[in-house]
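Undergrad: Spelled out from the first residue to the last, the chains are:
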Amino acid sequence: MTKQPERIFIKGNEAIARGALAARCKCFFGYPITPQNDIPEFMSTEIIKAGGDFVQAESEVAAANMLLGAAAAGIRSMTSSSSPGMSLKQEAISYMAGSEVPAVIVNVNRGGPGLGDIGPAQGDYYQSTRGGGHGDYRHFTLAPGNVQEAYDLTIRAFDIAFEHRTPVLILADAILGQMKEPITPWTPEKIDDEAGRDWAITGKTADREKRLIKSLFLAEGELAEQNKHLQAKYESWTKLTECEQFETEDADLIICAYGSIARIAKSTVRKFRKEGKKVGLFRPITLYPFPSAQLKALAEQDKRFLTIEHNLGQMVDDVRLAIRTVSDSDFFPIYPGNLPTPDELEEPILKCLEGK
Amino acid sequence: MSEINEKLVFDKPEIIIDRATHYCPGCHHGIAHRLVGELLDEMELGGNTLMTTSIGCSVFLYNYLNVDAVEAPHGRAPAVATGVKRARPDHFVFTYQGDGDLASIGMAEIMHAANRGEKISVVFVNNTVYGMTGGQMAPTTLIGQKTTTCPNGRCETTQGSPIRMTEIIASLGGVAYAARGSLDSVKNIRTAKKHLKKAFECQTNGTGFGFVELLSGCPTNWKMTPLQANERIQNDMIPYFPLGVFKDISEDGGIC
Ligand SMILES: Cc1ncc(C[n+]2csc(CCOP(=O)(O)OP(=O)(O)O)c2C)c(N)n1
Ligand code: SF4
Ligand SMILES: [Mg+2]
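Line by line, the protein sequences are chains S and V. Residue numbering for the first sequence follows our numbering, beginning at 17 and increasing consecutively. Residue numbering for the second sequence follows our numbering, beginning at 2 and increasing consecutively.
Everything labelled a hint here was simulated from the structure, so no lab data went into it. Do not take every clue at face value.
Claimed, not checked - Stretch by stretch, here's where chain S covers chain V in the computed footprint (C-beta under 8 Å, at least three residues):
#1 29-43
#2 71-85
#3 140-152
#4 187-197
Stated by the list, open to error - Every beta carbon over 10 Å from chain V, so not counted as near; a handful from chain S, in silico:
#5 Asp69
#6 Gly90
#7 Pro129
As the list claims (entries may be wrong) - Over the 10 Å line for every Cβ pair with chain S, so calculated as not near, a few chain V residues:
#8 Lys13
#9 Thr134
#10 Gln160
#11 Gly174
#12 Glu232
#13 Gly245
A virtual CB, placed ideally from N, CA and C, is assigned to each residue, including glycine.
Isolated chain S, as found in the complex (with noise of 0.2 Å):
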């Protein structure tokens, strides 16, 4: 008889948590803050049991600076927050981008700006994808649609980081942060504890040169050269994207929508496919970098675009850039604040499928 997979029925956020613990992740720096809370309580006992250490930080900011810490370091690590949080990480994510240390960072997105409140929102897309802080950097940002995907998606986080030597932005919003699912956890057959074996500081030797992690180049042309690496990192990304297409090869109208609003969305196409009408739906899993090559090759089958966010219209820019030589996108914003439901979605998508 073989052996059923174990399946465990839990929130998004504990699913990130015990992503990241089956990734070996051996340090946490966190700070309360809603939706996101289970995140850093879980991880208050279980990775001390896992043989790694927790730190409620005094601040988002201390947290995100010591994840820099632990990551040049080269210790896989995490920290974990929401929208308000992630405008102060912001300072750190940026030296390193800048210095090239890996690590992993949660939004559990919220509605805003400001202190807005602690329902779900796509608020922070620009900031996701953008490069949030200061300078020209970019970052990996994955935007999980489920809470299998979640788990999945933190243990790729951690490979990624590494590989690349990039920090690496999970996306997720306060829907599916709080949302319970089964799921099946899975742990990585290998994981390489010393990847960072050649650029970390780990204590110089006498058979090496010190190590400096550092995002400071100021003798000249250095920082130039600086930026041209980091560049052609990011364009080399280009060929990692991800996306997930549902019942797109025959639809004349494709949403785009992404992590929760593409979930709520999917369930209004599949109503519109049972009435026969020709709706697809186009997920971005990669938000950067964006999927644009999949959707292009989409465009030029002379479809039409209608990209759906709960914010005000950002991933809508990416959409319309991906296409733009062949085609555009209409968008449809759900307010931050509000809760969408597949009835409502309907209208909008009605309207476009009939031109108007």
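Based on these hints, arrange chain V with the ligands on the given structure of chain S.
TA: Just chain V with the ligands, lined up with the frame of chain S:
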């Protein structure tokens, strides 16, 4: 011809890299670097050291000490060092910070790292100005001291009074050792080294957080000669920032 027999009585510590520094003549950062370097050699810590540098005139410390290092954002060195130490608890981790860095923008980070009792050491160079950015008012600027952002002298009623960091740090639970030394004279430099050694030992023997403030000269921004700068430390700074050990929980220590 008679042979000259030279006896070497003073040499640079092995861990200090043989190169010219970018510091102004008479700057005390060089002395502070040297003391740290001597101790890393004497305590044989070099190969085990993970240094966290800060933002200020000493930003290039990593060019002068032959150890692995990470550069922290302005004020965040105690948080970065916390991360380094938690990730690699068997290593020797220290920060080196100026007064603008530690006592202004980084106030939260230093207070909480100290209060948590992080097993790290902090070297705090207090020269009462923002040296690197051109001599603006710092949280440690003395009352009446003229800087580029208080050209008429620091005024207590609108700008507050200079912060005595060592006393504050000494009051926190997690702290094993807190002392203030000065780099103005040979005698004081020798004592300062003893303070640093004690702070470093608090980390190597696992006692806890060690903090040493070093009163330092910035002749350039004080618009003084190096000698005048030393006199200013003696006449103006030490009376306000008294020297000594403010906390010592190590076995042979005592609170003064
Ligand atoms: C976030 C941020 N704000 C401001 C600065 C500019 N800055 C660089 S060094 C410095 C002050 C350094 O003064 P201090 O810490 O006293 O060191 P000193 O140069 O006197 O040794 C400032 C404000 C910066 N680099 N980053
Ligand atoms: S400006 Fe002041 S602190 Fe900076 S190098 Fe010159 S003397 Fe030293
Ligand atoms: Mg200063």
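Undergrad: Now, for every hint given, state plainly whether the structure supports it.
TA: How the hints compare with the structure:
no.	hint	result
1	29-43	violated (count 0)
2	71-85	holds (count 11)
3	140-152	violated (count 0)
4	187-197	violated (count 0)
5	Asp69	violated (4 Å)
6	Gly90	violated (8 Å)
7	Pro129	holds (24 Å)
8	Lys13	holds (16 Å)
9	Thr134	holds (15 Å)
10	Gln160	holds (24 Å)
11	Gly174	holds (15 Å)
12	Glu232	holds (33 Å)
13	Gly245	holds (28 Å)
The structure fails to meet hints 1, 3, 4, 5, 6 from the earlier list, while all remaining hints are met.
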